[in-house]
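The lines below spell out each chain.
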Amino acid sequence: MSWTRKILRVNLSKGSCTSEPLNMEWANLYLGQRGLASKYLSEEVDPTCDPLGPDNKMIMATGPLTGTMASTAGRYSVITKGPLTGAIACSNSGGFFGAELKFAGWDMVIFEGKSDKPVYLLIQDDNAELKSAEHMWGKTAWETDDIIHATHQDPQMRVACIGRTAENGCLYAAVMNDKHRAAGRSGVGTVMASKNLKAVAVRGTQGIGNVDDAEAFMSATGDGKAVLAENAVTGQGLPAYGTQVLMNVINGIGGLPARNMRDVGFEGAENISAEAMAEPRKSDGKPNLTTNGACFGCTIACGRISTVDPTHFSVKDKPQYQGNSGGLEYEAAWALGADTGVDDLDALTYVNFLCNEDGMDPITYGATVAAAMEMFEDGVITTKETGGVELRFGDAKAFVAITEQFVNGGDFSADLGLGSKRLTEKYGKPDLSMTVKGQEFPAYDPRGIQGIGLNYATSNRGACHLRGYTIASEVLGIPVKTELNDTDGKPELVKAFQDATALVDSAGLCIFTTFAWGMDNIAPQIDAACEGDWSVENCLETGERIWNMERLFNEAAGFTADDDKLPKRLLEEAIKDGPTKGQVNRLGEMLPKYYEVRGWTADGKIPKETRQRLSL
Amino acid sequence: MQKSLNIDPGKCTGCLQCEMACSYEHTGTFNPSRSYIKVFTFHHEGRFAPYTCTQCDEAWCMRACPVDAITVDMATGAKVVHDDKCVGCKVCTIACPFGTINYSQATGKVVKCDLCGGDPQCAAACPTDAITYVDADWTGYDRMLASAAKSLPSAEATA
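Chains as they are written, first to last, in this note's numbering: chain A, 7 to 622; chain B, 11 to 169.
Do not take every clue at face value.
No more than 25 Å apart at the CA atoms, straight line, and that leaves these computed lysine-lysine pairs for BS3-like [to be verified]:
(1) A:611 <-> A:571
(2) A:292 <-> B:21
(3) A:574 <-> A:611
(4) B:21 <-> B:160
(5) A:432 <-> A:571
(6) A:137 <-> A:288
(7) A:292 <-> B:100
(8) A:137 <-> A:20
(9) A:324 <-> A:292
(10) B:48 <-> A:185
(11) A:185 <-> B:21
(12) A:322 <-> A:185
(13) A:288 <-> A:324
(14) B:160 <-> A:288
(15) A:324 <-> A:185
Partial selection, computed: residues in chain B whose CB lies under 7 Å from chain A [stated by the list, open to error]:
(16) 23
(17) 24
(18) 25
(19) 30
(20) 39
(21) 40
(22) 41
(23) 43
(24) 54
(25) 56
(26) 84
(27) 85
(28) 137
Think of the hints as simulated: they come from the structure by calculation, not from any bench.
Don't be surprised by glycine CBs; every beta carbon is placed ideally from N, CA and C.
Pulled out of the complex, with its shape left as it was, chain A reads as follows:
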């Protein structure tokens, strides 16, 4: 089985917590986590609802493998209608919270309604109750975590919570868990704040003892771990360098956007790369990177545990930021660094700490600051709007100052909290927002790398590399190399990555396993854990079903083919120099074919026969 077959339904308006059985018919069609919770959301929430109103629901969901010995099987997702995009949002997180929720006996928690006063949910195995969080409101995510641990005196308790940015209405606030892991994108933390829910604290002692075929499961997961250990990316590159292994690689091939994607190629990339993180610094002889750390059950361990140079201007008089905490991942290093033009590793690490401490998505935050910087340099906004900060590209001190102002709710924070789409619209420069469906791009320029542009344009949660990481193929040659600037074959590639990713997420596994694992490694692990047929074919079809279901939610929310687009800059402003000089993204060559391979109509609608084929 591996599912606990139990859902916790928390009605925040009534203050009630009730247990109900998991819908196993749906579990067999949507597996778990992302897929299954999206099914619940689709059935229970009106897609046209106000994402921050009481009619929206927020689901924390584990997968059937979450909490088992399968490598990386500790993940959970937060599923809701996202306030940044208005589309279905599913933000995935590692750490230890997801497995603990499963050990307490719950496949998912559905939050509905809105509490009158700030509350937190305390789950101790079968017992769940809402408790007052009035003393936590206004606290950072780190302080909230500490308060809960001090209150309950249980070091093994795991906490997911929001920081102050969510409370202040920032539209891209994250749900933070275990202090430095985040369900980061699309503003899922803002939804949590809108419900007056400050935190979820969970302690589980029941464990998972019901895998379908224990012997086959131990064998399949053991085989999977051996494959991860022997693979160069998952066995060596990611543990040693983290995702930051990509900074110099992507810059080298002409795929690293810089300064709000005005440029491609960042001259400061080396200074903020994995290699720089490993370099001992002059002040105390220590490198930025202390060690690598794993999420629950993960035998890759790509997480960065870092310190800021204690003599650096950002933390010099702030001992609370001089210890270790979650360090820079590639996407954060890019958004906070290359996209703002800042190449000061310590400043970026400090800003990353603040993103974790107060719970905001560093990708959208960095990209929104970058858009503001471009408007500042163009004279569209001035120090009058920014609270006195000279917000220019490349200025580390200005970046640190604006970030401290932002988390503390200063002058410019309401504007920055809008995300770049609403911010640039407000000041009459909508073309300066580097977004799809209102969500900011991550660290791969679609002009240099064609397929990822198609993935961004069609991603169900707005621009996102984690919906279909074609970089694996286009840059790293996994599972086969495709040419960066080719558009032929990219629609098929994007579909394959999108569908497979939906399945991996829904199992409770980490997508990084797929640098080494194919579906033939993954399906046997699911099949051994779960009853029913989880062959490679069924897994792939399940992934495709999930993708189409998400699309149907968005269609009902009002999205059309017109929203499957890229900003004008990426379609018209050619790359100025470097190995990809002269290129733009050729979305128009790929999109019609993509609709065709998906079995959709020419205007991107899902016809009846495709819905029937996928049991939708």
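Could you slot chain B onto chain A? The hints should help.
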């Protein structure tokens, strides 16, 4: 030959595969709360420390037990708790200087590492060799080697 668990915290990533392997071996569930080995995270210091019973020769727990519920497994040297004799008095948990024998609410008995009868599953599951099962005479040897290598920077450690 007696063997012993050899723990190198510097290699630990905090993944908890050892806790799952231990709980699976002893309870048939993936359940870190029932694991006899614990990984502690020191967030501010950026360190992880796996910790479990070191199987003292002169075992305080064994000496303290009023009902002789703890005996030596002659094959492995492990100090093993016998559930049929243990009365859950917890005196052993007070006697142990390391805190590595613990009371379990789930069973009403004390629990501790038993070296899995000579095939410790924590060591088998550890992906980074932070936990290994070695000749008892050689515990700490890898650190001695590393230290020796450091004192002779030009030396290639070949032992």
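Quick rundown of the hints versus the structure:
no.	hint	verdict
1	A:611 <-> A:571	holds, 15 Å
2	A:292 <-> B:21	holds, 18 Å
3	A:574 <-> A:611	holds, 24 Å
4	B:21 <-> B:160	holds, 18 Å
5	A:432 <-> A:571	holds, 21 Å
6	A:137 <-> A:288	violated, 48 Å
7	A:292 <-> B:100	violated, 44 Å
8	A:137 <-> A:20	holds, 13 Å
9	A:324 <-> A:292	holds, 18 Å
10	B:48 <-> A:185	holds, 20 Å
11	A:185 <-> B:21	holds, 22 Å
12	A:322 <-> A:185	holds, 22 Å
13	A:288 <-> A:324	holds, 20 Å
14	B:160 <-> A:288	holds, 21 Å
15	A:324 <-> A:185	holds, 18 Å
16	23	holds, 4 Å
17	24	holds, 5 Å
18	25	holds, 4 Å
19	30	holds, 5 Å
20	39	holds, 3 Å
21	40	holds, 5 Å
22	41	holds, 2 Å
23	43	holds, 4 Å
24	54	holds, 4 Å
25	56	holds, 3 Å
26	84	violated, 29 Å
27	85	violated, 24 Å
28	137	holds, 4 Å
Checked against the numbered hints above, the structure breaks hints 6, 7, 26, 27 and satisfies the rest.
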